[in-house]
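Asks: Now for the letters of each chain:
Number of protein chains: 2
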Amino acid sequence: MAQQSKQSNLRIIPLGGLSEVGRNMTLLEWQKKILIIDIGFRMPEEDMPGVDYIIPNIDYLKNKKEEILGIVFTHGHYDHIGAVPYLLEKISTPNRQLPMFASPLTKGIILKRQEDFPHQAKLKINQVYDGSKIKLGPFFVEFFKQLHNIPDNLGLFIETPLGNILHTSDFKFDQNPVNDLPTNFEKLKEIGKRKILLLMSDSTDAEEEGHSLSEKEISENLEKIFKIAPGRIIAATFASLLNRIQQIISISEKYGRKVCLEGYSIKTNVEMSRLLGYIKAKRETFIKAKDVQNYPDSNVVILGTGAQGENEAVLMRIATRGHRFLKIKKGDTVVFSSSVIPGNERTVQIMKDEIMRQGAKVFHYKMMDIHAGGHAKSEELKEMLKIMQPKFFMPIHGQYSMLVAHSQLAKEMGIEEKNVLVAENGNVINLNQKGIFIEKEKALSNYVMIDGLGIGDVGQVVLRDRQMLAEDGMFVVVVIVDRQTGRVKGSPDIISRGFVYLRESKELLRDTRKRVIGIVERATGTGGAVNWSYIKDEIRNKIGQFLFSRTQRRPMVLPVVIEV
Amino acid sequence: MAQQSKQSNLRIIPLGGLSEVGRNMTLLEWQKKILIIDIGFRMPEEDMPGVDYIIPNIDYLKNKKEEILGIVFTHGHYDHIGAVPYLLEKISTPNRQLPMFASPLTKGIILKRQEDFPHQAKLKINQVYDGSKIKLGPFFVEFFKQLHNIPDNLGLFIETPLGNILHTSDFKFDQNPVNDLPTNFEKLKEIGKRKILLLMSDSTDAEEEGHSLSEKEISENLEKIFKIAPGRIIAATFASLLNRIQQIISISEKYGRKVCLEGYSIKTNVEMSRLLGYIKAKRETFIKAKDVQNYPDSNVVILGTGAQGENEAVLMRIATRGHRFLKIKKGDTVVFSSSVIPGNERTVQIMKDEIMRQGAKVFHYKMMDIHAGGHAKSEELKEMLKIMQPKFFMPIHGQYSMLVAHSQLAKEMGIEEKNVLVAENGNVINLNQKGIFIEKEKALSNYVMIDGLGIGDVGQVVLRDRQMLAEDGMFVVVVIVDRQTGRVKGSPDIISRGFVYLRESKELLRDTRKRVIGIVERATGTGGAVNWSYIKDEIRNKIGQFLFSRTQRRPMVLPVVIEV
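Chains as they are written, first to last, in my numbering: chain A, 4 to 567; chain B, 4 to 567.
One or more hints might be untrue.
Which copy is meant is left open, so a pair is good if it fits within one copy or across any two.
[Stated by the list, open to error] No more than 25 Å apart at the CA atoms, straight line, and that leaves these computed lysine to any residue pairs for SDA-like:
#1 LYS36 - LEU447
#2 LYS227 - GLN411
#3 LYS421 - GLU357
#4 LYS68 - LEU447
#5 LYS509 - LYS539
#6 LYS115 - ARG286
#7 LYS492 - LYS539
#8 LYS380 - ARG360
#9 LYS36 - LYS445
#10 LYS333 - PHE366
#11 LYS421 - ARG360
#12 LYS539 - ILE565
#13 LYS421 - GLY234
#14 LYS385 - PHE366
#15 LYS414 - GLN352
#16 LYS369 - GLU382
#17 LYS333 - GLY417
#18 LYS380 - VAL365
#19 LYS125 - LEU101
#20 LYS369 - GLU386
#21 LYS93 - SER552
#22 LYS369 - GLY213
#23 LYS380 - PRO345
#24 LYS539 - ARG516
#25 LYS414 - ASP356
Just so you know, these hints were derived from the structure itself, not from any lab.
Construct all of the structure, not just a fragment, from the sequences and the given hints.
Replies: Shown next, in the form of structure tokens:
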């Protein structure tokens with residue numbers, strides 16, 4: 004502690020976003036004053052049933068509320084802003100809301116999301132733009148425009164007492180973006196001349212060779228589909244992929260097609276982005292789902308969510324004939340304009356099959372370049388390294404293998420090996436003019452799980468129980484014992500779910516009941532004090548073994564022993 | 004029925020393998036005599052917790068045991084032979100085991116697997132080879148060699164009273180296979196001249212452009228890794244990918260490395276294949292895991308299962324330091340020589356990260372062509388169509404979208420649209436000289452699930468319960484009611500798992516108990532007869548709602564009401 008108070012080094016503490024995709028949150032600390040960059044969440048892994056999101060652990064900030072200077076947001080994707088409603092109150096003090104800074108669209112998305120949390124205090128967010136400069140304690144932050152797949156994305160140039168840090172945000176270079184200005188290389192080069200001590204750069208696509216596709220190419224390919232589609236076009240993407248949504252609307256207008264926006268998130272995102280001027284579209288372009296039938300098929304585009312096969316999303320409802328107004332029909336052309344997130348492939352395949360079975364033609368990104376990621380690939384990353392010429396380099400945003408690949412690129416670009424740091428969440432990174440290293444101290448950075456209203460109350464125990472219950476179900480044995488005689492009264496009750504189909508397992512149940520009675524009466528029949536917890540353990544173990552021997556399944560056995 | 008007995012058409016009944024990958028089983032029926040091709044299983048989908056495998060529904064064969072002529076197997080992969088131990092007894096009669104035909108390696112793998120089912124009768128399988136001809140009732144079957152990624156794979160040329168059917172088995176064309184003869188195009192062309200009425204061809208890679216990679220290219224790339232790897236090489240693949248295993252052993256011998264085979268399935272597969280002559284290797288090449296440390300790192304290859312991130316497989320145990328003798332160390336080179344099955348990407352990524360974190364270098368198929376699938380891509384499929392010149396075409400083996408893609412290729416190759424049939428499992432396909440069509444009659448073809456010892460006893464009800472239990476856990480309420488007074492005795496017992504962490508939810512439990520007592524005593528307090536099932540319903544509904552309002556979770560609420 005004594006050491007920390009005298010600190011004249013800069014500390015960087017990633018609480019999320021390293022060795023994972025999502026949950027981005029990083030702290031910069033100088034003499035105990037802390038600047039926060041982004042507060043995002045991530046999606047749960049497959050072995051976390053029932054979990055909605057995973058957010059950063061902010062234990063490190065517990066007794067440091069007063070030292071937090073403020074929060075800067077890079078862009079409006081949930082992996083950068085999504086944990087705000089869960090964490091902001093925990094790091095604010097009753098007297099003041101933390102100063103927050105975001106571009107107009109990012110601000111709009113954060114505030115829109117807050118509407119789902121009506122009990123929270125209203126947020127005040129300061130707007131910043133390309134070129135805005137702010138001072139927060141010892142930090143001067145200059146925001147600069149970076150292209151991504153959502154508009155209004157800002158990189159951060161941060162002057163610190165120690166030197167300059169460049170945080171790229173998520174980014175890609177694009178000379179031909181859609182409805183936006185191309186990457187301003189002049190500006191980047193100007194920044195690069197300011198002597199960058201540390202570059203923190205987006206690693207999501209560091210393992211990919213070459214250069215990301217320009218949005219112009221995507222538009223051209225989408226247009227090819229519009230030219231040949233004989234009937235309706237049903238396009239599915241993410242609600243947060245605002246650039247892709249803009250493209251589809253623009254091409255629809257060009258080809259005289261009306262657009263039916265379907266899905267709550269896509270509707271609200273488009274509405275807000277139009278208000279703020281980030282999506283350009285004529286009002287008369289939009290039609291409602293119930294009116295689609297009033298237009299010739301060749302004049303209709305249905306634009307919705309669900310390219311990942313999400314159960315509740317528009318495309319799945321259309322595909323499974325669960326949508327009130329819209330169904331797949333022969334002649335439809337369905338366009339999946341997004342990549343498939345690992346883990347969703349099978350669901351997407353099943354949905355695609357179902358759509359084809361109903362007679363529609365399907366286009367997806369593997370058949371044609373109708374989707375580009377929002378992240379710089381290795382050639383662009385090298386370009387960024389070349390422009391910024393940092394002394395130190397730290398890859399951010401991505402799985403460990405991506406961070407390692409990015410660190411290789413940095414070495415290729417001439418950065419000394421000892422100046423390249425592959426860090427992990429919870430590392431406390433100490434930076435000074437001479438070196439960069441990881442301190443012994445660690446910040447907690449484990450997963451904090453959100454399930455319904457609970458923040459962090461689903462831990463390993465609850466998850467393990469869910470996994471067990473999912474595998475082989477459960478088996479409750481209720482046995483009533485006469486305190487006087489030690490005999491079981493009546494027949495033990497069995498409640499089981501997810502184990503076997505009970506109606507077809509009468510013999511198994513009968514044998515189980517017999518065994519339960521045997522276990523209980525053997526224990527109570529010895530005379531002396533009855534050890535009820537021993538009886539419960541016996542039922543759990545012996546009945547568990549018995550059920551396994553008969554079925555090779557291990558349901559969770561829960562004994563209820565009642566004395567009367 | 005009258006119609007069927009007079010049938011002079013051929014009926015084809017796919018019970019599995021269409022609109023899915025795996026579970027291949029097809030029936031050919033002529034005047035009630037039935038030939039079975041393959042009896043495979045598939046892996047469960049993600050929303051089927053606890054399920055081990057899915058096998059075909061053979062209800063169609065129920066009262067037709069006497070009409071089954073026999074079974075021909077194409078090759079030894081489990082999606083073609085895996086359901087034998089579950090289904091064979093059900094279609095055999097006490098008097099005779101069905102005649103079965105398989106190549107020596109396929110036979111070896113089937114018999115090896117039977118060892119896990121010691122109670123079943125010993126199987127007798129007739130060996131067939133490239134060029135073998137057999138007669139089964141009205142069917143003459145000629146087996147011909149097809150290359151795949153397992154040796155001893157046989158395609159089927161089937162003469163029927165109606166005309167000739169060609170079944171490709173899984174296949175790819177390879178002019179430069181490893182330790183095997185190249186595709187015999189002369190032979191295929193000779194068969195093509197025999198007038199093929201119907202071609203049934205493998206569609207797994209019909210959506211892929213171009214030509215599959217030759218195994219020779221894979222070998223060359225693997226050799227590149229052997230040349231530069233400074234320390235041990237740890238190679239992971241499937242136990243069933245015998246060709247890849249052969250390659251790695253051969254290259255190891257060439258570069259003077261010993262091979263440590265790890266994992267039960269890979270060991271037994273290699274052992275059997277060596278005995279049968281399908282894997283060529285010197286005895287002294289192999290070393291044991293405990294002896295690996297006695298050799299210089301640069302002379303060692305560890306070859307095991309686990310390229311899919313399977314929890315219990317060798318690579319995962321090595322990566323998580325759970326293996327008794329082997330751990331990752333700096334200087335190791337880990338080679339993932341298999342593609343990643345959809346659904347496994349995240350697990351593989353996590354394992355890969357863990358391996359890199361421990362200092363090993365990782366090569367996988369996205370970085371370098373060190374794996375090729377075993378299936379023909381579109382150019383090869385067109386070549387097959389060109390060679391066989393069938394009148395009718397029916398794509399088999401693959402998801403619906405793959406079947407559709409393959410049917411497009413057939414049309415491109417000049418097959419009349421009306422002669423191309425995309426069928427589904429359970430269709431009864433009627434073929435005659437003039438046409439091919441789907442009959443109204445359907446065979447059952449739904450999933451039959453294997454869980455432990457149970458065949459088909461896990462149905463939709465049990466699965467839905469497991470899914471519910473996994474999402475939000477369960478909540479058992481045990482309440483004891485005095486029959487005389489209608490009052491609740493003591494405090495209701497609550498047993499919950501997978502819902503919330505009970506120790507931290509005391510208030511919630513207290514409020515729940517209060518409500519349970521209220522519900523019960525309101526119902527019993529009215530005088531008159533007590534409706535116990537009404538009380539249970541009330542507890543289920545009201546407590547469910549209450550828990551949801553407090554947590555936004557929906558555990559399965561199970562009331563136990565006991566009168567004393």
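Asks: Hint by hint, say whether it matches the structure.
Replies: Hints versus structure:
Taking the shortest alpha-carbon separations for LYS36 and LEU447, only the intra-copy value of 19 Å comes in at or below 25 Å, while the best inter-copy value is 69 Å. With identical chains, the CA atoms of LYS227 and GLN411 are at most 25 Å apart between copies only, with a shortest distance of 20 Å across copies and 38 Å within one. Taking CA atoms no more than 25 Å apart as the test, LYS421 paired with GLU357 passes between copies only; the shortest distance there is 22 Å, against 53 Å inside one copy. For a Cα distance limit of 25 Å, the shortest separation of LYS68 from LEU447 inside one copy, 16 Å, qualifies, whereas the shortest one across copies, 64 Å, does not.
Proximity of LYS509 to LYS539 under the C-alpha cut-off of 25 Å is found in both arrangements, the shortest distances being 23 Å within a copy and 23 Å between copies. Taking the shortest alpha-carbon separations for LYS115 and ARG286, only the intra-copy value of 21 Å comes in at or below 25 Å, while the best inter-copy value is 69 Å. In this assembly of identical chains, LYS492 and LYS539 lie within 25 Å of each other by CA distance both inside one copy and across copies; the values are 16 Å within and 21 Å between. Within a single copy, LYS380 and ARG360 get their C-alpha atoms only as close as 36 Å, which misses the 25 Å cut-off; across copies the closest is 22 Å, which meets it.
In the homo-oligomer, the alpha carbons of LYS36 and LYS445 lie at most 25 Å apart inside one protomer (18 Å), although the nearest pairing across protomers, at 72 Å, exceeds that limit. For a Cα distance limit of 25 Å, the shortest separation of LYS333 from PHE366 inside one copy, 15 Å, qualifies, whereas the shortest one across copies, 45 Å, does not. In this homomeric assembly, LYS421 and ARG360 come within 25 Å of each other (Cα to Cα) only across copies, at 17 Å, whereas the closest approach inside a single copy is 57 Å. Taking the closest pair of Cα atoms, LYS539 and ILE565 come within 25 Å of each other both inside a single copy (11 Å) and across two copies (19 Å).
For the identical chains of this complex, LYS421 and GLY234 are inter-copy neighbours only, at 23 Å across copies versus 59 Å inside a copy, given an alpha-carbon limit of 25 Å. In this homomeric assembly, LYS385 and PHE366 come within 25 Å of each other (Cα to Cα) only across copies, at 22 Å, whereas the closest approach inside a single copy is 33 Å. Taking identical chains as interchangeable, the C-alpha atoms of LYS414 and GLN352 lie at most 25 Å apart only when they sit on different chains, with a minimum of 23 Å there against 40 Å within one chain. Both within a single protomer and between protomers do LYS369 and GLU382 lie at most 25 Å apart by alpha-carbon distance, with minima of 22 Å and 17 Å respectively.
In this homomeric assembly, LYS333 and GLY417 come within 25 Å of each other (Cα to Cα) only across copies, at 24 Å, whereas the closest approach inside a single copy is 57 Å. When the C-alpha separation of LYS380 and VAL365 is checked against a cutoff of 25 Å, the pair qualifies only between copies, where the shortest distance is 19 Å, while the shortest distance within a copy is 28 Å. Proximity of LYS125 to LEU101 under the C-alpha cut-off of 25 Å is restricted to the intra-copy arrangement: shortest distance 12 Å within a copy versus 75 Å between copies. When the C-alpha separation of LYS369 and GLU386 is checked against a cutoff of 25 Å, the pair qualifies only between copies, where the shortest distance is 23 Å, while the shortest distance within a copy is 27 Å.
Proximity of LYS93 to SER552 under the C-alpha cut-off of 25 Å is restricted to the inter-copy arrangement: shortest distance 23 Å between copies versus 50 Å within a copy. For the identical chains of this complex, LYS369 and GLY213 are neighbours both inside a copy (17 Å) and across copies (14 Å), given an alpha-carbon limit of 25 Å. In this assembly of identical chains, the alpha carbons of LYS380 and PRO345 lie at most 25 Å apart whether taken from the same copy (18 Å) or from different copies (23 Å). Taking the shortest alpha-carbon separations for LYS539 and ARG516, both the intra-copy value of 14 Å and the inter-copy value of 23 Å come in at or below 25 Å.
For the identical chains of this complex, LYS414 and ASP356 are inter-copy neighbours only, at 20 Å across copies versus 45 Å inside a copy, given an alpha-carbon limit of 25 Å.
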